[in-house]
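Given chain A's structure and the hints, the job is docking chains B, C, D, E and F onto it.
There are 6 protein chains.
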Amino acid sequence: MKKLSHIDTAGKARMVDVSRKAVTKRTAVARGAITMKRTTLKLVRDNTVEKGDVLGSARIAGILAAKNTPRLIPLCHPLNISSVYIDFKVDPTKNRIIIESRVTITGQTGVEMEALTAVSVAALTIYDMCKSVDKEMVISDIMLVEKKGGRSGTFKRSRS
Amino acid sequence: MKKLSHIDTAGKARMVDVSRKAVTKRTAVARGAITMKRTTLKLVRDNTVEKGDVLGSARIAGILAAKNTPRLIPLCHPLNISSVYIDFKVDPTKNRIIIESRVTITGQTGVEMEALTAVSVAALTIYDMCKSVDKEMVISDIMLVEKKGGRSGTFKRSRS
Amino acid sequence: MKKLSHIDTAGKARMVDVSRKAVTKRTAVARGAITMKRTTLKLVRDNTVEKGDVLGSARIAGILAAKNTPRLIPLCHPLNISSVYIDFKVDPTKNRIIIESRVTITGQTGVEMEALTAVSVAALTIYDMCKSVDKEMVISDIMLVEKKGGRSGTFKRSRS
Amino acid sequence: MKKLSHIDTAGKARMVDVSRKAVTKRTAVARGAITMKRTTLKLVRDNTVEKGDVLGSARIAGILAAKNTPRLIPLCHPLNISSVYIDFKVDPTKNRIIIESRVTITGQTGVEMEALTAVSVAALTIYDMCKSVDKEMVISDIMLVEKKGGRSGTFKRSRS
Amino acid sequence: MKKLSHIDTAGKARMVDVSRKAVTKRTAVARGAITMKRTTLKLVRDNTVEKGDVLGSARIAGILAAKNTPRLIPLCHPLNISSVYIDFKVDPTKNRIIIESRVTITGQTGVEMEALTAVSVAALTIYDMCKSVDKEMVISDIMLVEKKGGRSGTFKRSRS
Amino acid sequence: MKKLSHIDTAGKARMVDVSRKAVTKRTAVARGAITMKRTTLKLVRDNTVEKGDVLGSARIAGILAAKNTPRLIPLCHPLNISSVYIDFKVDPTKNRIIIESRVTITGQTGVEMEALTAVSVAALTIYDMCKSVDKEMVISDIMLVEKKGGRSGTFKRSRS
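Protein chains in written order, with the working numbering: chain A, 12 to 171; chain B, 12 to 171; chain C, 12 to 171; chain D, 12 to 171; chain E, 12 to 171; chain F, 12 to 171.
With the rest of the complex left out, here is chain A:
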């Protein structure tokens, strides 16, 4: 088991000090999916969902959520992220929409949480806009796909 360096304060939440970490370019890519009925997916693709343009709205919600991460996740550092991209792929074989986000920063700490939060809130927005016709949608497979920059080097998920 990996050892933890500062066990003495365990049990007490704290926002760890990042002031000695190097300022470097950092990137995080996250992914997730929302699975729905075939008929719901068709409404999204045809852009005929009652509440309006689903993927365009989810993209804006995800970008705003990336910026809101330090207000949502208690121990995240406030960060000035450099960019956020969110993309959607419709996967008709599994009746789902795959959501991918890419967040970059030049700073002292990584942006994994920003990328994961962007994917989560984009998925929730899709759920909200389609829920009048489909209450059984499932959000899943939210994971970190890639992380670059910083002390711990490059992480690439073996399988996703």
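Just so you know, not all the hints are guaranteed correct.
Identical chains share a label here; the pair holds if one copy fits it or two copies do between them.
Stated by the list, open to error - Capping the alpha-carbon separation at 20 Å, the derived lysine to aspartate or glutamate pairs in EDC-like fashion look like this:
#	residue 1	residue 2
1	23	98
2	48	157
3	105	152
4	48	152
5	159	147
6	159	57
7	23	111
For the record, the hints were derived by calculation from the structure and aren't laboratory data.
The following block gives chains B, C, D, E and F in isolation, referenced to the frame of chain A:
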């Protein structure tokens, strides 16, 4: 395919009018899970994660997120929710933590999104607090389990 | 000059008490415009602005802003608005986009500020998305067009 | 027509990457006006508006709004602005109040949106505080007056 | 010792259910003080503090904070408060400013936290605006003075 | 009396320019206390307060509040703080809980307000969670204990 009543505005996002819906007691229950390494799960259970008390922090983050839902999800109505409960079950056979939320309101629209957002942000908080020892955690199976009150009556997910 | 009823506290900002006002259905319609170069307007209409779908993003930003009004305007009451609609009309004769919002509530106070804030933030979002090609855009003619419900009855702007 | 460099993603909103832009001192000056009845303007000047000190409250609201810009405008970068100044000039010949903001930063991207948002929210606050006596106020002429620093050099509006 | 009714969930934070409480008019009055050097108090009274009008700014900050209470205090219910008043009294004999807030609502739960939060943030704003000349200010005696409405009836602090 | 350098703008709130201040490591330590009935303090220590884990929740609320400081205190600069720690000491001789926060940053301006805000909101959270059994709690002695880094050098409060 279920027919949509107000197709004429399709393609334009809008926050639909709820002013004619009845004021009733409404409840929503949502669930989700975060899967992690066995050793990570042990750290959470032993409360020895470096960043502090994981489940207690995730519970507070989830409750605050339920209240933040209309600021995160563009077309959600601002609501005065009556209560939020969040519970965690450690499932050691699958190396995961199951998160369940229950939100209630006496109002004109349901609180599914509040319950789903609470689960999502609680899961993200667990991810954040454990990510220094485990980058491969996966958040999944976020779904609506039950919904009571309002015009559409009671919904219970057949299998979850 | 119209007399003010509670002059005694003049000079000290306060959020006035609405608790004795009737709960009624209230509607506010606001309007505004953003004028730009002909070539910029063409980019918006062709949906080829570098930052993406301008009007779709501005609509979402305006809806979220309507909900944020009590956090932006110091003396506005927190409200649970029932609906927000935002529409855009391209006016090629004057090289401008007209923005119109309609906000409804069943409550004790009106939603003029929500409607005006929605228009303002939608206009600012259009500015932001087009500013790399046009720094001389002007936002103007933000006004209340109509107001219904409540003690003061119906207001309709004579000319707009 | 000015060419856009990254047309390939047109139609999909995105927060563009600023990580390669130089860190420089940047300034933006914005301006706008709110026109009202002569009697309303007198109430503001005499500081006898029922809701309290109009210009002092509008100044605070505008400063807070400048800091809130990245949460209001979807594709704006989160920024640590260095200063915000807001000034008002009463223009009795046209029965209006002119609002001017100046925002500075040492950073990788400009602060035009912060300056424009400060002016807009200050104007909306004036509207809110005076609306019980004047529903026909109009907010207009919100524009960027000057911009300094960064790759695109100094911009000065020819006429304002 | 007063008995607690729902001890079974002790140790797990939760937002308690208020949906069965009566909708009544409720009022809360809170008070606090900030003590400073005699010379600092003089600057505030003369309105010559470098950062500007101290009490006017603190009043606006306190009102906004009352509305922000459910986003700051994890287990507070989101509420549509009906009014907020904040007053200041300069107490030269003790070199301090006394801050008093009064918050009202017609709702299912009280507004003590809104009143206490308004006082606290008003005091912090005074601290911020004066701290360049006085780092030894002390905020104290923040307390609930009076509470009316609701099941528990009227509370009046015996001595304050 | 200490002289103020920019008296000319007195009476008008403004967010002062920090762009010429040096980027240095800065630390602020703040402290405060909440006094309660002996029986209330026992409930907190035994972790049997109805609303749940008091100190754990207050710690999370305080950390989030430190990050929210520029949205609460009008003239505070937005900052990317490097760390926040919050600790509680139960002082049974005076029936009170002492709250201490430590905030650090590498930046152009100090973090006193972040440290003081963290203490204040942690105290308010304790109040909220215990108020059903004790309405007479008092929050007091909120003060800056220590400040390091920046032009004005080290400040240590002589007595606290």
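Measure nothing new, just compare the shortest in-copy and cross-copy C-alpha distances for residue 105 and residue 152 to 20 Å and report within, between, both or neither.
both (13 Å within a copy, 15 Å between copies)
Within, between, both or neither: how does the pair residue 23, residue 111 come out at a Cα-Cα threshold of 20 Å?
between (33 Å within a copy, 13 Å between copies)
I want to check one pair: residue 159 and residue 57. Are their C-alpha atoms no more than 20 Å apart within a copy, between two copies, both, or neither?
For residue 159 and residue 57, neither the intra-copy (37 Å) nor the inter-copy (31 Å) Cα distance is at most 20 Å.
Identical-chain pair category, residue 23 with residue 98, by Cα at 20 Å
Between copies only: 9 Å across chains, 37 Å inside a chain, cut-off 20 Å.
Can you tell me if residue 48 and residue 152 fall within 20 Å by alpha carbon in one copy, between copies, both or neither?
Answer is both: 18 Å inside a copy and 15 Å across each meet the 20 Å cutoff.
As a check of your reading, is residue 48 near residue 157 (CA-CA no more than 20 Å) within one copy, between copies, both or neither?
between (30 Å within a copy, 18 Å between copies)
Between copies, within a copy, both or neither: which fits residue 159 and residue 147 at Cα up to 20 Å?
between (36 Å within a copy, 15 Å between copies)
The structure is inconsistent with hint 6 alone, although it conforms to all the rest.
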